[in-house]
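Enquirer: Here is how the chains run, residue by residue.
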Amino acid sequence: MLSPDRLALPDYEYLAQRHVLTYMEDAVSQLLENREDITQYGIARFFTEYFNSVCQGTHILFREFSFIQATPHNRASFLRAFWRCFRTVGKNGDLLTMKEYHCLLQLLCPDFPLELTQKAARIVLMDDAMDCLMSFSDFLFAFQIQFYYSEFLESVAAIYQDLLTGKNPNTVIVPTSSSGQHRQRPALSETSALEGVEASLFYQCLENLCDRHKYSCPPPALVKEVLSNVQRLTFYGFLVALSKHHGINQALGALPDKGDLMHDPAMDEELERLVVRSRLHRTSQKHRSHQAVAFGFRRSDKVEALESLPSTSTQMPYLCRESRE
Amino acid sequence: MTPFVPPPGLSCGGSCHEDKARTPTMIPGKYRTNPGRITQSNFELRLSKDSSFHNRLLQHDIEKNYSSRQGDGRVISPSPRNKPSFVPSTTNMTDLCGLELKSGANSLSAFGDSSIQTPTKSRIRQGCHSAGPNVSGDHVYLGSSSMPAFPVLHRSNEEKILYSDRLTLERQKLTVCPVIDGEEHLRLLNFQHNFITRIQNISNLQNLIFLDLYDNQIEEISGLSTLRSLRVLLLGKNRIKKISNLDNLKSLDVLDLHGNQISKIENVSHLCDLRVLNLARNFLNDVDDLNGLSSLTELNLRHNQITSVRDVDNLPCLQRLFLSYNSISCFEDILCLADSTSLSDITLDGNPIAQESWYKHTILQHMMQLRQLDMKRITEEERRMASIVARKEEEKKRESHKQTLIKEKKRLTICNVARKWDMQQNRVAGGPSSSQDGKDSDVPSQDACQMNGSGTCVYPEETGSLDPVITTALQGLAVIENHLVEVDGDTLFLYGSGALESLDRNWSVQTAGLVTTVSFTFIEFDEIVQVLPKLKIKFPNSLHLKFKETNLVMLQQFNALAQLRRIDQLTIDPQGNPVVNFTLWKYYVLFRLSHFSMQKINGTEVTQNDMIMAERLFGILAHVASSELPQYRLLSLLGEVRKKQFRYLLEGKGKKSGGVSEEGNDSKRLCGENTNRATLNYTTRDFYTEKLEEIKEKKKFCKTYIQDLVKEAAEINMKNESLQKLWPQLFIELVRDAVVEIRNKNSYMKLCLQRITDTK
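Listed in order, the protein sequences are those of chains R and Y. Okay, so the first sequence: first residue is 0 according to numbering that gives the first Met the number 0, each after it adds one. Okay, so the second sequence: first residue is 0 according to numbering that gives the first Met the number 0, each after it adds one.
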């Protein structure tokens, strides 16, 4: 935590930049929200749990969108949570529509905006084929780029537009633009008949952008790598390349490599257990419901197993009644 | 020839004699009107006193025997019994007059009508000598005098004296009317059974009262304009196409036009004294425009092609109306008959209408004044039966009418609800699309607010028209314009959001118990979510939920159904529920509602494999949700569900004591539900927006609070750091000062001593 550049900034700015303030604020507001429950089991305990879950990345589950997108860590955590929860959907081989993916996202974040999902889908699909089905991995990686770097991509889109129309975006940002760039202008308008913009010029602009961009952006070296492979490229071509670049995925660190995307042995194990349990549950429930119908009540006489949380079980009457059959 | 009995006012020979004879005719039952024999007085007598018998004859016997066609085809003609007497007579062509006379005599005797002084056959025969142009008699001479084309009729003086007021030229094979000279006093003229084509040469007979032109070939009514006293005009069995030229015949009493080719009743409105009008066997299609016939008591319209009768209620004296053998098929076409107060006798036999089962009682029901129908006297019993049948019919009609009305109303209501829904959908659809342009989460939430705002604008008016009357019967039906609630068998149908309020009603235990299926149509799912706790309480047996046009768009919306007691079947109509287009929706439902052990989804049986698949797809989600959430979050998520339920319970149940047990059930149910799934709950958009607002408020507060806190901490830290930095130097300085002070031992000792003494 005590990195040397912390001395370069005043404390407050440093905390803000590192999003520590965000979490502190959120912790307090969570505390306020669940005041009654939390006072029952201790404020210290609450803070411990809170910051633990922030570290584990589980703090974003079912939270509001404004919080989920507030920090890069939150975004990465959300991406990871999405992958973990719905990896099975991809494993099953189902191809889904953009709307259905959106629904899945909304299961984790009820107010997730459709716009973001649409943008992610646009990376995968052509503009006129937005209702097409996508594979889970295609969508996930496109979504990762779109979601994690959404502010960066917006700026990129603006730059791209400027380049397309022949305006040099750098002229606005860098007043002392070189004459060389001016010379390129006619060439640009000529080539705009071709598709996209010239990669090298595009990279210059992006490098410039990365330097001054306060939001997270992909490592410039990787962007250079993406752009160095081609002469010209379109905006969506760029996004597709970004989303498919495993280096960027690694740098982001939320998702495993594409090859390992369906691989999560721990969870698979857990799932097998769940399936077996649900099978038992169903048969037992069927059995019981046949009995219970006659009395009009269902499993009222069942002694429920206690929640296996030693520290809290006594203080939490709700959880005590719940079974873990 | 038929005798003519002059009215009292007429000064003619033997009038007193006939007067005397007339007295018996006062008895209606006995009297038979025979046109040939009618005197003015008994004519009047008949019409005023009236014998229904006579009329029956008129329309019945006469017409029936039309085919046999002797003189009885006429309106006022002898009964068929006279016929035999005619038949032989006709054979004797030379004795036409005599035959006629004989027939007249016979008929009279047959009817026992003594009023008519039968002139002796011989006399008449003598008197009537002349009829045909070729015929020349002793007393009557027909010769062509002034006008070469027309025969001239002369009678002997003797004849003239004896039968001064009547002249019969029957069956004389006349083709034209003869010129009748010196007979201005004639009151009765008979041209029956000739071949006359045109009415001529009688304009001088201004005293004529009775003119019989039955069975001729007349094509047009003409030459009558001077006969102002004419009271009986018989033109039956001719070729008349049009009623015309009757303008001056204001005293006309009887007009017989049967057996002609008339297709329209016209030019009769001035005949205010007309009592009998016979238009049988013509070409009439409609009866209309009968104004002015204020004395008409009898109207014969048998054997036409009449389909509808109107205006009959404008005939104040009409008593007998004969409509047999026409084309009337519908009671509505003769509805005006019911409005006539004077009608007492009607015939409608031989019409299509008479074949109907409802014919008799409908007629009787509508015409209370009727005494005879189709020649049969109407008994009290019949009338009673008719009224009973009619009442039943009426009730049945009303019932079916009511049914159709209800159906129609239902249909309209559903259409109305659908239209409203569509409008609302368009508006709502506009909302999110605009919110998608928003860059941060605030914008959608604001938009959602607006949406809700506009939504609530619509609802008040709907609730305003809520029908307070609740039918709790099994077939209970409450139709309101903007929503519809219907219980049909075991299904409760709810159309339109207003219908959800019906769940607040006090449904009878029986009805509520019977309902196992609840169908929602044209209702926003979010609104349904809010009444689900009520539904659970009011209809505890509802096992099957149907959703159509409910705007189910997200998988998470199914979470809301988990709070119900039990669902066996779920039917989500693809119409208006986009969620059904998703590949995963069924599995999600099975996963989320696995504690219900559902039997069917959209009519398809749920298999064990489906359940396992559902678990495979979403099991991890549940696992992550339950095991990886920090405890305080788990608690708050579960708590929300519970809190919400409590709130609904309070709203729905009020202070009822039952609330406690319900609550108990709730907690039990919650236990039954797979714990790891309980965290997956659905907050309706409204609530969620509310919550987001709340969170925003809190965040704002927390932000300032943390800001202050951090700033304070940073300041303290800074001071501390400065102190740390300053401290070593400070210490050194202190030490140095001390060292400097004690460097000179003696002086320091002195100083110390001095201090001690000073303190002492």
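Source of the hints: derived by calculation from the structure; they are not laboratory data. A few of these clues could be false.
[To be verified] Straight line, CA to CA, 30 angstroms or less: simulated BS3-like cross-link-like pairs of lysine-lysine:
id: 1; chain 1: Y; residue 1: Lys-401; chain 2: Y; residue 2: Lys-419
id: 2; chain 1: Y; residue 1: Lys-406; chain 2: Y; residue 2: Lys-396
id: 3; chain 1: Y; residue 1: Lys-419; chain 2: R; residue 2: Lys-90
id: 4; chain 1: Y; residue 1: Lys-585; chain 2: R; residue 2: Lys-213
id: 5; chain 1: Y; residue 1: Lys-695; chain 2: R; residue 2: Lys-98
id: 6; chain 1: R; residue 1: Lys-257; chain 2: Y; residue 2: Lys-396
id: 7; chain 1: R; residue 1: Lys-243; chain 2: R; residue 2: Lys-213
id: 8; chain 1: R; residue 1: Lys-98; chain 2: Y; residue 2: Lys-690
id: 9; chain 1: R; residue 1: Lys-98; chain 2: Y; residue 2: Lys-419
id: 10; chain 1: Y; residue 1: Lys-702; chain 2: R; residue 2: Lys-213
Enquirer: Look at each hint and say if it fits the structure.
Expert: So, going through the hints one by one against the coordinates:
no., hint, verdict
1, Y:Lys-401 x Y:Lys-419, "26 angstroms, holds"
2, Y:Lys-406 x Y:Lys-396, "15 angstroms, holds"
3, Y:Lys-419 x R:Lys-90, "43 angstroms, violated"
4, Y:Lys-585 x R:Lys-213, "44 angstroms, violated"
5, Y:Lys-695 x R:Lys-98, "28 angstroms, holds"
6, R:Lys-257 x Y:Lys-396, "76 angstroms, violated"
7, R:Lys-243 x R:Lys-213, "24 angstroms, holds"
8, R:Lys-98 x Y:Lys-690, "25 angstroms, holds"
9, R:Lys-98 x Y:Lys-419, "26 angstroms, holds"
10, Y:Lys-702 x R:Lys-213, "21 angstroms, holds"
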